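K.L.:
Chain A is already provided as a structure; the job is to place chain B on it using the hints.
Chains as they are written, first to last, in the working numbering: chain A, 10 to 323; chain B, 59 to 310.
Hints are supplied without guarantee of correctness; some may be wrong.
Below, in silico cross-link-like pairs of lysine-lysine (DSSO-like), each with a Cα-Cα straight-line distance of 30 Å or less [as the list claims (entries may be wrong)]:
{"hint": "1", "chain 1": "B", "residue 1": "Lys307", "chain 2": "A", "residue 2": "Lys78"}
{"hint": "2", "chain 1": "A", "residue 1": "Lys239", "chain 2": "A", "residue 2": "Lys283"}
{"hint": "3", "chain 1": "A", "residue 1": "Lys279", "chain 2": "A", "residue 2": "Lys290"}
{"hint": "4", "chain 1": "A", "residue 1": "Lys238", "chain 2": "A", "residue 2": "Lys250"}
{"hint": "5", "chain 1": "B", "residue 1": "Lys307", "chain 2": "A", "residue 2": "Lys90"}
{"hint": "6", "chain 1": "A", "residue 1": "Lys283", "chain 2": "A", "residue 2": "Lys302"}
{"hint": "7", "chain 1": "B", "residue 1": "Lys307", "chain 2": "A", "residue 2": "Lys21"}
{"hint": "8", "chain 1": "A", "residue 1": "Lys239", "chain 2": "A", "residue 2": "Lys290"}
{"hint": "9", "chain 1": "A", "residue 1": "Lys125", "chain 2": "A", "residue 2": "Lys78"}
From the derived model, a few chain A residues whose C-beta atoms are all more than 12 Å from chain B [what the hints assert, rightly or not]:
{"hint": "10", "residue": "Thr245"}
{"hint": "11", "residue": "Ile285"}
{"hint": "12", "residue": "Asp297"}
Hints are computed from structural coordinates only; laboratory data are not their basis. The structure presented is a predicted model; accordingly, all values stated were derived computationally and were not measured. Don't be surprised by glycine CBs; every beta carbon is placed ideally from N, CA and C.
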Amino acid sequence: MNILSVSHLTKKFNLPTGGFTAVNNISFELKEGEILGLLGPNGAGKTTTIQMLLGIIIPTAGSIHYFAKDFFRHRQYCLGKINYASAFNTLQGRTTVMENLLVFSELYAVADPKKKILELLEYFEMTALANERYWDLSSGERTRINLIKSLLNDPQLILMDEPTASLDPDIADKTMSLIEKLKKDKRMSILFTSHNMAEVTRICDRVIFLDRGDIVAQDTPLGLTKSIKKTELQLTFDTGKDLIQQYVTEHSLKHNFINGHVVVIQTAEKQIPKVIFGISKKGVWMTDIEVRKPTLEDVFLQIARGKPHEFTKD
Amino acid sequence: MHEAFITRHSYEVINDIVIYPLWSIIVFGFLTIYLAGVAGAAVAHYVLIGMILWQIINITQYSIAVGCLWDVWARNLTNIFITPISIGEYLIAYTISGAVKALVVIILGGILSFLVFRFNILQVGLVNFWLYFINLVLFAFTFGIIILSLVFRFGTRIQAFAWGLITFFQPLMAVIYPVSILPEPLKTIAYIFPPTYVFEAARTSLGTPQIQWLPSLMALFLNMVWFLLAVVFFNLMFRQSREIGQFAKLEG
Chain A
10 MNILSVSHLT
20 KKFNLPTGGF
30 TAVNNISFEL
40 KEGEILGLLG
50 PNGAGKTTTI
60 QMLLGIIIPT
70 AGSIHYFAKD
80 FFRHRQYCLG
90 KINYASAFNT
100 LQGRTTVMEN
110 LLVFSELYAV
120 ADPKKKILEL
130 LEYFEMTALA
140 NERYWDLSSG
150 ERTRINLIKS
160 LLNDPQLILM
170 DEPTASLDPD
180 IADKTMSLIE
190 KLKKDKRMSI
200 LFTSHNMAEV
210 TRICDRVIFL
220 DRGDIVAQDT
230 PLGLTKSIKK
240 TELQLTFDTG
250 KDLIQQYVTE
260 HSLKHNFING
270 HVVVIQTAEK
280 QIPKVIFGIS
290 KKGVWMTDIE
300 VRKPTLEDVF
310 LQIARGKPHE
320 FTKD
Chain B
59 MHEAFITRHS
69 YEVINDIVIY
79 PLWSIIVFGF
89 LTIYLAGVAG
99 AAVAHYVLIG
109 MILWQIINIT
119 QYSIAVGCLW
129 DVWARNLTNI
139 FITPISIGEY
149 LIAYTISGAV
159 KALVVIILGG
169 ILSFLVFRFN
179 ILQVGLVNFW
189 LYFINLVLFA
199 FTFGIIILSL
209 VFRFGTRIQA
219 FAWGLITFFQ
229 PLMAVIYPVS
239 ILPEPLKTIA
249 YIFPPTYVFE
259 AARTSLGTPQ
269 IQWLPSLMAL
279 FLNMVWFLLA
289 VVFFNLMFRQ
299 SREIGQFAKL
309 EG
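So that you can see chain A by itself, here it is in the shape it has in the complex (with noise of 0.2 Å):
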């Protein structure tokens, strides 16, 4: 079943230097117990779509259903079963952990809500913070708090807009392990915005990408890295940059010297050791061979640049 359905949305702004498309007919569904990544440069879309998906932004035409409701009639019963998670909001900053959380405990009705927030505590190792005043807690433990809200309600589906954003690798990193025991744990569905690429590979099952409010790709992760053709070579050399520029040239292989003794070359990964034995073969001496796979960061960049990577071909 569809926990979420989302058909030809679009979001039009009238602004004083003319009219704005932030969001152009798309449409997607997102599956029970699916991580769905929504990526694009700034201004793509992403944040504006979230919005409208929790109703704070009216769509100008489209529909959305959740559990094949239609939201903006069933509004209550919709909102009873999602949640939404981001490093945007923040909980009452003047109230504690606890209080906080008896509050939208009672807003969504949980049963028996000190034994939820407890558990949940527990369950992110937050218990000690629990009569904390929620803005005398770090960033990393303000995510947790965050993401605990959001999980109050037992959700089916939590909504994440950039929730690692501001926070330092190592608490992100304990972020990501904390959605994947949830998805793991909890069969969760989650729609995933973010601007890390890495993350996004770790944990999203399927990914579209946004750019300018249009769907430009979608696919999973590896998928979309896989329509990215060309592999990165990186040598590093002693001597020979004439006889490495001569072998590129002959083989029309695009390429950038990035000093007198790195070459990155662009080439098919199948073609990776026909190039290393030809360079050696003209008598190149490498000290350092590095192969650079096709990223999801690639594809980003591709698209948010409406480009592939530039290579000079000298």
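P.N.:
Here is chain B on its own, set in the frame of chain A:
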């Protein structure tokens, strides 16, 4: 619960809804002592009853408008609005909390004015007191909705309205003086506001034990009209705010 937790941790809220109203009652209490000497006890009591009842409007509308702003300032409003509660439930919850706070402060203010200034607020009669209280809470609720409509639509740049706009209309509601002293055009405007009937009735009831049904029903009728208009206005502003993305920007 949310309000209680915030209030417990916020000195400024306690100041705004407890200390400042009580302080106003004290200041006006001393003024009444002076007025009693120069203009008679009746005039003095008019001023004091007006100031005490005014706190009902002040505290309740503050509770709704500023209560919401606490969530905006904390970037918590989205979290609240994506829960299954309806906007109506949200507003009613703040009104109940505001009315409870107002009642507590009025009881404290009543005790204070009795002990210090020998003025018994229940001199207006218990039934009258409740009629006034209900009407003033209803008006404050409506006024709070209007303020929130403006905050949602135009953002926090007009947040000062939350605690300041009501005082702009205070002179027109004849809180501490009779409507009759207002210039002719302002008299007509004064009678558009439900609290004007309440304050007039309160002054009358200081001198007579009769229940002030007529002005109270008139105030109730006007409150209903104001409330319906406020709901229409709120729905319009709230919808526009979500259409143009202003609501989402409130926390940005």
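K.L.:
Each hint should be assessed against the structure and marked as holding or not.
P.N.:
Status of each hint after checking the structure:
1. Lys307(B) <-> Lys78(A): holds (28 Å)
2. Lys239(A) <-> Lys283(A): Roughly 15 Å between the alpha carbons, so the hint for lysine 239(A) and lysine 283(A) holds.
3. Lys279(A) <-> Lys290(A): Holds - the C-alpha atoms of lysine 290(A) and lysine 279(A) are around 18 Å apart, at most 30 Å.
4. Lys238(A) <-> Lys250(A): holds (26 Å)
5. Lys307(B) <-> Lys90(A): It holds: about 25 Å lies between the C-alpha atoms, which stays within 30 Å.
6. Lys283(A) <-> Lys302(A): holds (17 Å)
7. Lys307(B) <-> Lys21(A): holds (16 Å)
8. Lys239(A) <-> Lys290(A): holds (23 Å)
9. Lys125(A) <-> Lys78(A): With a Cα-Cα distance of about 28 Å, the restraint between lysine 125(A) and lysine 78(A) holds, given a limit of 30 Å.
10. Thr245: holds (47 Å)
11. Ile285: holds (51 Å)
12. Asp297: holds (47 Å)
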